[in-house]
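As given, the protein sequences belong to chains A and B, one line each in that order. For the first sequence, the positions run 1 to 114 when my numbering is used. For the second sequence, the positions run 115 to 225 when my numbering is used.
By construction, these hints were calculated from the structure, which means they are not laboratory data. All figures in this text were calculated on a predicted structure; none of them were measured in a lab. Using N, Cα and C, we set each Cβ at its ideal position, and we do this for glycine too. Incorrect hints may have been included.
What the hints assert, rightly or not - Capping the alpha-carbon separation at 20 Å, the derived lysine to aspartate or glutamate pairs in EDC-like fashion look like this:
| no. | chain 1 | residue 1 | chain 2 | residue 2 |
| --- | --- | --- | --- | --- |
| 1 | B | K212 | A | D63 |
| 2 | B | K117 | A | E56 |
| 3 | B | K159 | A | E101 |
| 4 | B | K212 | A | E101 |
| 5 | B | K159 | A | D14 |
| 6 | B | K212 | A | D71 |
| 7 | A | K62 | A | E101 |
| 8 | B | K212 | A | E56 |
| 9 | A | K59 | B | D197 |
| 10 | B | K117 | A | E44 |
| 11 | B | K170 | A | E101 |
| 12 | A | K57 | B | D141 |
| 13 | B | K212 | A | E68 |
| 14 | B | K156 | A | D63 |
Said to hold, decoys possible - Calculated Cβ distances over 12 Å to all of chain B for the following chain A residues:
| no. | residue |
| --- | --- |
| 15 | P8 |
| 16 | M55 |
| 17 | Q80 |
Unchecked claim - If you want the footprint, here are the derived chain B segments under chain A, 3+ residues with CB under 8 Å:
| no. | stretch |
| --- | --- |
| 18 | 175-188 |
| 19 | 198-211 |
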Amino acid sequence: GPKVLQIPSHQIIDMGQMVTLNCDPVSNHLYFYWYKQILGQQMEFLVNFYNGKVMEKSKLFKDQFSVERPDGSYFTLKIQPTALEDSAVYFCASSLLGSAETLYFGSGTRLTVL
Amino acid sequence: QQKVQQSPESLIVPEGGMASLNCTSSDRNVDYFWWYRQHSGKSPKMLMSIFSNGEKEEGRFTVHLNKASLHTSLHIRDSQPSDSALYLCAASGTGGYKVVFGSGTRLLVSP
């Protein structure tokens with residue numbers, strides 16, 4: 001099936017540092033999402049992105065978070081500065097035409113903030 | 115704020131048994147429901163979707179949807195140990211952009 005790639009699979013950083021999580025969505029998909037999952041439980045919506053713009057974001061998408069997809073390259077989630085509570089698995093997802101379509105998830109990036 | 119509630123939190127069924135999982139949305143604008151399955155350490159994968167009132171069956175899996183009550187259920191018959199996973203219900207609405215997930219039901223099928 002369609003593949004979403006996420007790089008890196010694991011990242012360990014010190015609190016206060018910047019981190020960038022990378023996602024290569026399915027090639028013809030137009031909508032991109034980031035979700036946060038702690039301890040293998042609830043998948044919490046962070047943000048979605050279409051046509052170069054954030055369409056909707058949750059309260060978890062703090063001011064320290066930003067997303068972009070410069071020139072059709074990786075869809076990135078940047079956290080600057082990081083905090084201890086940012087430790088989680090971050091999943092990228094993409095869909096063809098929006099929220100009425102199936103989401104395809106990457107394998108996740110496990111972020112540990114020390 | 116849109117919420118998706120799932121029950122039970124966890125469920126143990128014997129191999130060959132029936133597992134029944136529930137999901138309700140609190141947002142009347144929801145039109146679309148999905149069930150995703152996430153094995154431990156893996157990413158969620160869509161199992162079934164349902165957008166209209168009624169029932170849909172695919173192999174051992176059946177989903178029901180009641181749009182009036184915004185309730186969907188997933189039933190797994192002849193459960194197998196490989197069905198052991200976290201089952202996530204997801205919902206979205208027309209005109210919205212986000213897909214909201216419930217907290218999941220952790221299913222364990224005991225051999």
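Going down the list of hints, with the structure as the test:
Restraint check for B/K212 and A/D63: the C-alpha separation of about 19 Å stays at or below 20 Å, so the hint holds. Pair hint B/K117 plus A/E56 holds up; C-alpha atoms about 16 Å apart against a cutoff of 20 Å. With a C-alpha separation of about 13 Å, the suggested pair B/K159 and A/E101 falls inside the 20 Å cut-off, and the hint holds. Restraint check for B/K212 and A/E101: satisfied, since their Cα atoms lie roughly 11 Å apart, inside the 20 Å limit.
Our distance criterion of 20 Å between C-alpha atoms is broken by B/K159 and A/D14, whose separation comes to about 32 Å. Restraint check: the Cα-Cα separation between B/K212 and A/D71 comes to about 23 Å, which exceeds 20 Å; the hinted pair is violated. A distance of roughly 26 Å separates the Cα atoms of A/K62 and A/E101; the hinted pair therefore is violated under the 20 Å criterion. Under the criterion of a C-alpha separation no larger than 20 Å, the hint pairing B/K212 with A/E56 is consistent with the structure, at around 7 Å.
For the suggested pair A/K59 and B/D197, the alpha carbons sit about 33 Å apart, so the restraint of at most 20 Å is broken. For the given pair, B/K117 sits about 11 Å from A/E44 by alpha-carbon distance, which is consistent with the 20 Å threshold. For the hint linking B/K170 to A/E101, the alpha-carbon distance of about 17 Å falls within 20 Å, and the restraint holds. Taking the CA atoms of A/K57 and B/D141, the gap is about 17 Å. The hint holds against a cut of 20 Å.
Of the pairs offered as hints, the one joining B/K212 and A/E68 holds, with about 17 Å between alpha carbons and a cut-off of 20 Å not exceeded. Taking the CA atoms of B/K156 and A/D63, the gap is near 29 Å; set against the 20 Å cutoff, the hint is violated. Listed as outside the interface, A/P8 is consistent with that label: its C-beta sits roughly 15 Å from the nearest C-beta of chain B, beyond the 12 Å cut-off. With a cut of 12 Å on Cβ distances, A/M55 falls inside the contact zone with chain B, its closest approach being about 4 Å.
Every CB of chain B lies more than 12 Å from the CB of A/Q80, the least distance being 23 Å, so the non-interface label holds. By the rule of at least three residues with a Cβ nearer than 8 Å to a Cβ of chain A, the coverage given for the stretch 175-188 of chain B is violated, with 0 such residues. For the stretch 198-211 of chain B, the assignment as covered by chain A holds, since 8 residues bring a beta-carbon within under 8 Å of that chain's beta-carbons and 3 suffice.
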